[in-house]
Amino acid sequence: DGGITQSPKYLFRKEGQNVTLSCEQNLNHDAMYWYRQDPGQGLRLIYYSQIVNDFQKGDIAEGYSVSREKKESFPLTVTSAQKNPTAFYLCASRGFGSYNEQFFGPGTRLTVL
Amino acid sequence: RKEVEQDPGPFNVPEGATVAFNCTYSNSASQSFFWYRQDCRKEPKLLMSVYSSGNEDGRFTAQLNRASQYISLLIRDSKLSDSATYLCVVIVSGGSYIPTFGRGTSLIVHP
Chain G
223 DGGITQSPKY
233 LFRKEGQNVT
243 LSCEQNLNHD
253 AMYWYRQDPG
263 QGLRLIYYSQ
273 IVNDFQKGDI
283 AEGYSVSREK
293 KESFPLTVTS
303 AQKNPTAFYL
313 CASRGFGSYN
323 EQFFGPGTRL
333 TVL
Chain C
137 RKEVEQDPGP
147 FNVPEGATVA
157 FNCTYSNSAS
167 QSFFWYRQDC
177 RKEPKLLMSV
187 YSSGNEDGRF
197 TAQLNRASQY
207 ISLLIRDSKL
217 SDSATYLCVV
227 IVSGGSYIPT
237 FGRGTSLIVH
247 P
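Line order of the protein sequences matches chains G and C. Quick note on the numbering used here: the first sequence kicks off at 223 and runs consecutively. Quick note on the numbering used here: the second sequence kicks off at 137 and runs consecutively.
If you're looking for bench data, these hints aren't it; they were derived computationally from the structure. It is possible that part of the hints are untrue.
[Claimed, not checked] With a straight-line Cα cutoff of 20 Å, these simulated EDC-like cross-link-like pairs (lysine to aspartate or glutamate) come out:
| no. | chain 1 | residue 1 | chain 2 | residue 2 |
| --- | --- | --- | --- | --- |
| 1 | G | K279 | C | E139 |
| 2 | C | K178 | G | D252 |
| 3 | G | K231 | C | E179 |
| 4 | C | K181 | C | E192 |
| 5 | C | K181 | G | E246 |
| 6 | C | K215 | C | E139 |
| 7 | C | K178 | C | E151 |
| 8 | G | K279 | G | D260 |
| 9 | C | K178 | G | E246 |
| 10 | C | K181 | G | E284 |
| 11 | C | K178 | G | D276 |
| 12 | G | K292 | G | D276 |
| 13 | G | K293 | G | E323 |
| 14 | C | K181 | G | D260 |
| 15 | C | K215 | C | E192 |
| 16 | G | K231 | C | D175 |
| 17 | G | K292 | G | D252 |
Only chain G is shown next, with the shape it has when bound in the complex:
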């Protein structure tokens, strides 16, 4: 089945540690996105990539980093510089063009202890 997978589903981290969230898609989509969602809030864009080896900052990129070495994969690293990292992180992908919808992975819930 085609889709997007994210791992792990739940992640606990101590303050001061970097952590990497995985996102893989087999939909052959060019564009991939990372969002953060806080309780009762909307989705905020962290980073996006529209092609391999290229990515752009979103609205809240500070304290995060990404890579896009393969079309299928777009991992997100939450660094110790991110002041409030506890949140629900969602990865999405989308085919090229304005009429295509986004597909989301099941999300990773990160808690910093």
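The hints should help you fit chain C onto chain G, whose structure is shown.
This is chain C only, laid out in the frame that chain G set:
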């Protein structure tokens, strides 16, 4: 002014009611529109795309008003299972096609 605005609600309605949500957008170059549904602690899932001529899928009807720059979602005969947050998404043409999300409207359907 936010690019995409929604009334956060919550809309609290009895089963069987008809409920409508609006979503306004500020960029007149907006080209594509979608409604997503998000259940608590889950990922958003596409409910329906919104076409210029309007479209219907069972109990759900979506409409686009380009002149007034809003889209709407109408849910007829509400079910308990319709309880969720409904997200409006807009994509602007001619740029990097980044989807812009509204903050969502919460719907609670009660017996």
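Quick rundown of the hints versus the structure:
1. The suggested pairing of K279(G) with E139(C) holds, with an alpha-carbon distance near 18 Å, which does not exceed 20 Å.
2. Restraint check for K178(C) and D252(G): not satisfied, since their Cα atoms lie roughly 24 Å apart, outside the 20 Å limit.
3. Distance check on the hinted pair: K231(G) and E179(C) sit about 12 Å apart at the alpha-carbon level, within 20 Å; holds.
4. A distance of roughly 17 Å separates the Cα atoms of K181(C) and E192(C); the hinted pair therefore holds under the 20 Å criterion.
5. Distance hint between K181(C) and E246(G) is fulfilled; the C-alpha atoms sit about 17 Å from each other, no more than 20 Å.
6. Taking the CA atoms of K215(C) and E139(C), the gap is near 31 Å; set against the 20 Å cutoff, the hint is violated.
7. A hinted pair counts as satisfied when its Cα atoms are at most 20 Å apart, and K178(C) with E151(C) does not qualify at roughly 23 Å.
8. This hinted pair checks out: K279(G) and D260(G) have alpha carbons roughly 19 Å apart, not beyond 20 Å.
9. Note on K178(C) and E246(G): the hinted pairing holds, with a Cα-Cα distance of about 18 Å set against a maximum of 20 Å.
10. The hinted pair formed by K181(C) and E284(G) fails the criterion: a straight-line CA distance of about 27 Å is larger than 20 Å.
11. For the suggested pair K178(C) and D276(G), the alpha carbons sit about 29 Å apart, so the restraint of at most 20 Å is broken.
12. Straight-line distance between C-alpha atoms of K292(G) and D276(G) comes to about 10 Å, which keeps the hinted pair within the 20 Å bound.
13. For a cut-off of 20 Å, the pair hint linking K293(G) to E323(G) stands: about 18 Å separates their Cα positions.
14. Between the alpha carbons of K181(C) and D260(G) the distance comes to roughly 18 Å, so the proposed pair stays at or under 20 Å and holds.
15. As the CA atoms of K215(C) and E192(C) are separated by approximately 17 Å, the hinted pair is consistent with the 20 Å bound.
16. Taking the CA atoms of K231(G) and D175(C), the gap is about 16 Å. The hint holds against a cut of 20 Å.
17. A hinted pair counts as satisfied when its Cα atoms are at most 20 Å apart, and K292(G) with D252(G) qualifies at roughly 10 Å.
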